[in-house]
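Visitor: Sequence:
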Amino acid sequence: MSKKKEEGLTGGAALEGILSGLTGLMDKLNELAKTGKELHEISDSAGSGKDKALRAVYGLKVKVGLGEEEPSVEPFGNLRGDKEHGFTVTPEVSEPIVDIFEETDHILVIAEMPGIGLEDVDVEVADDILTLDASKDAKKYHKEILLPRAYERDHLRLSCNNGILEIKCLNE
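Under this note's numbering, the first residue of the sequence shown is numbered 1, with each subsequent residue one higher.
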């Protein structure tokens, strides 16, 4: 095993991995334009710097041709631009990717939070705002979701399998 692999990715190597992932994503976008499907692209880079480990998760959710005129691109992960200092930072808390589906008798909210189980999740609802908080070891997630209407906590049914949290908001 090479010395670089033993030590982990350096900051430059992590950036190179990010750029390589984005290039691959662009190739997939071309393919999506022809098929009208949905794509989730997720990358996870870990490495070590002088003082602390680099841990970054980034991704783009792209929807093309699903009844919309324009493609929809939604970023997610824990990489954020710091406008004050002009560089990218990785906050402790990640924002999970979330999908919302309106069914006949309920609203289904699906949140992707790798490494999280149902016992690690805290869900609160206040009127039409659903708040997700989850934490296990170094993985921390937070997201506020605007629902189509107000719900009470006792009308929510939760399940979680392999880091995929499903919340059914029952219409009574």
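Careful, some of the hints might be misleading.
As the list claims (entries may be wrong) - Dumping the calculated DMTMM-like pairs for lysine to aspartate or glutamate here, alpha-carbon to alpha-carbon at most 25 Å:
hint, residue 1, residue 2
1, K83, E119
2, K136, E95
3, K136, D120
Bear in mind the hints are in silico, worked out from the structure with no lab data behind them.
Visitor: Does each hint fit the structure? Answer for all of them.
Guide: Consistency of the hints with the structure:
no. : hint        : in the structure
1   : K83 - E119  : 36 Å, violated
2   : K136 - E95  : 14 Å, holds
3   : K136 - D120 : 6 Å, holds
Hint compliance for this structure: hint 1 alone is broken.
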